[in-house]
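Novice: So the chains spell out like this:
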Amino acid sequence: MKFEKITLEKKYHDAVEHWRRHYLKDYDSLIENWDRYFPQDEAFCLCAKLELGTPGTVSVGEHAGEKKRVKPDELTEEEAKHLLAIIRAQASTEFGSIQQHAGTLERAQDDEDRFWVLRVMAEELRHGYQMFHLLLSQDWSRASGGVKGETMVEEILSMQTGSHVLDAFNLEYDSFVDNIVFAALIDRVGKYQLTMQKVCAYKPMADSMPPMLREEAFHLAAGVIPMRRWARRAAEGDPLITMSMIQKSVNKWFPRGLEMFGDERGGDSNLRMGFKDLKNREAQDQYIEEVRRMVRDINSRFVRARFPEYLPEKAEQVLVELERSRGSHRGVAFDELLRLPDRRFFRRKGEPAFAMVGVDGETFSDAREYLRHLAKHLPESYMASRDLRNYGDVLKRIVSGELSVAEGVMKMPKLKRVGGTCPCSRSVRWVMEEPSSGNSDAAAPR
Amino acid sequence: MPELSTPLRIRPLDELDIGSIVRIDERVGGTYRPDYWEGRVMFYLRRDPQASQVAVSDGKVVGFMLADVRAGEFGLEEPSGWIERFGIDPDYRGRDIGRALFQAIAAHFRAMGVAKIRTLAIQSDAVSGFLTKLGFAPAPLVALEMMVPADREQR
Ligand SMILES: [Fe+2]
Ligand SMILES: [Fe+2]
Chain A
1 MKFEKITLEK
11 KYHDAVEHWR
21 RHYLKDYDSL
31 IENWDRYFPQ
41 DEAFCLCAKL
51 ELGTPGTVSV
61 GEHAGEKKRV
71 KPDELTEEEA
81 KHLLAIIRAQ
91 ASTEFGSIQQ
101 HAGTLERAQD
111 DEDRFWVLRV
121 MAEELRHGYQ
131 MFHLLLSQDW
141 SRASGGVKGE
151 TMVEEILSMQ
161 TGSHVLDAFN
171 LEYDSFVDNI
181 VFAALIDRVG
191 KYQLTMQKVC
201 AYKPMADSMP
211 PMLREEAFHL
221 AAGVIPMRRW
231 ARRAAEGDPL
241 ITMSMIQKSV
251 NKWFPRGLEM
261 FGDERGGDSN
271 LRMGFKDLKN
281 REAQDQYIEE
291 VRRMVRDINS
301 RFVRARFPEY
311 LPEKAEQVLV
321 ELERSRGSHR
331 GVAFDELLRL
341 PDRRFFRRKG
351 EPAFAMVGVD
361 GETFSDAREY
371 LRHLAKHLPE
381 SYMASRDLRN
391 YGDVLKRIVS
401 GELSVAEGVM
411 KMPKLKRVGG
421 TCPCSRSVRW
431 VMEEPSSGNS
441 DAAAPR
Chain B
1 MPELSTPLRI
11 RPLDELDIGS
21 IVRIDERVGG
31 TYRPDYWEGR
41 VMFYLRRDPQ
51 ASQVAVSDGK
61 VVGFMLADVR
71 AGEFGLEEPS
81 GWIERFGIDP
91 DYRGRDIGRA
101 LFQAIAAHFR
111 AMGVAKIRTL
121 AIQSDAVSGF
131 LTKLGFAPAP
141 LVALEMMVPA
151 DREQR
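Chains as they are written, first to last, in the working numbering: chain A, 1 to 446; chain B, 1 to 155.
Chain A with its partners taken away, still in its complex shape:
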């Protein structure tokens, strides 16, 4: 796998470094300790990486068989606009996740976990840098309505948790459990998006994917392996981590992860334009199956740790029996195991938006009762958050008939940039968007 390394023009490179000093304060400590935690690995490089030797022909959609595009002007205006929205959303998620991770990084109980997350953060910075390269190396002004690359970069660097394009990147972490569960669930959505975009008809985008995907493999492991270790500790009775803490974080992130695929009914234009090779629902289905595999894996780790004397076949049998009976086995209740929430649980976008479906697929008709159900299944500190309060208000107004679901989707507040580019200038404010002012969701990768 050969790739080309590219550094941005100095002023942009410096802008990313400046941003990094605000949100990735432990960067120097990561570099100093790199060889200790990642011996023999190549040193970290803040640069764009473009894979060499990738296919030059479009493989899906109405341009299949044609030469891949290398300039925005070779795309139709509709295609260029659509792709530009994808690149901006992607860039926003990369920077957004660093801001989220930064909030609770210091609460890691284990140094290794902390350094793994730090490396994830540094690599997300590189991914954002990669998207900046795509924005800055070509002229997008036809698709951006005259907005210059420089302005787009400024806008992304001034976003804070709350103003990012996708909802999953607008939620604060409640504890270090969120850092880990986020890597296991939300970075996994990232893996799907990047994999789908490997076919992208715009060659610089397609060539950006393989190096990012290689890093993403580490991010997923940096989520799943600590979760496996926590499952063992929980099984051994460690009071500092419980399966219920992990489960609540899964319940918080899984619905947002599903929404990152875009509306279940959409995705045709990506396919038609040759930007991705799966429709939203297809990709979401595969994702759900993969998360199910992950949950199973963590549960077996838990059961083996709880009954170290059992042979693997016996442990497997116990797990199958617990899943079937939902009962208990020698003091281990089904409720202690992790489980995947229903795909309609706690959704606020897409087909089941505001549908009031419980973790096990049970339905509710009363908003208060549903919020009480959420309170039982989400992290306590998250229940007390602004995000949940707004969600609850909008839900009640939908149930009372005051708002339609579509209006409800639009009513979630967002932080907007109101001037200044440096994050230290506190340049964003809470604003409520009116439906007519455009839906931020339009920029979501669909």
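In short, the hints are calculated from the structure, not lab data.
A portion of the hints provided could be inaccurate.
To be verified - Okay, the calculated beta carbon distance ranges per label pair:
#, chain 1, residue 1, chain 2, residue 2, range
1, A, 380, B, 93, 49 to 55 Å
2, A, 35, B, 99, 33 to 39 Å
3, A, 7, B, 132, 19 to 25 Å
4, B, 39, A, 268, 39 to 45 Å
5, A, 362, B, 133, 56 to 62 Å
Each residue gets a CB set at the ideal place from its N, CA and C atoms; glycine is no exception.
Use these hints to put chain B with the ligands onto chain A, whose structure you have.
Specialist: Okay, now just chain B with the ligands, sitting in the frame of chain A:
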């Protein structure tokens, strides 16, 4: 021995394969070592997630081979492909799964521009028979070892 009801699929290793690798290793060696494999899988995933491969049949992982490309070790300056560990579920032996895994890894090494593949094995082991069949031959390098000398012997 169960028949292979679905064709064998070789794909790159991922973080959800740890449980399967632990199970195969336990079946072969009799010891449950999840912590060890968590560490090894993390090592290979963060270095080169496309190099290591697993074999899937009947919806489950039945074999694995962990590999990566390294340069500068033992004075070997040119990048070499290293195969460190592999294992096949005993129920699925004798079906050339090891060879299929090896071929996928060799293809990856080729794409990386690597000319030589290296590994270490105990000479009389069944493993070394398998490696010879794949085309491995003794290298001019000799693996040497000794016990750490006691303090007084050093003086
Ligand atoms: Fe990323
Ligand atoms: Fe990531």
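Novice: Hint compliance check: list the failing hint numbers for this structure, sorted ascending.
Specialist: 3
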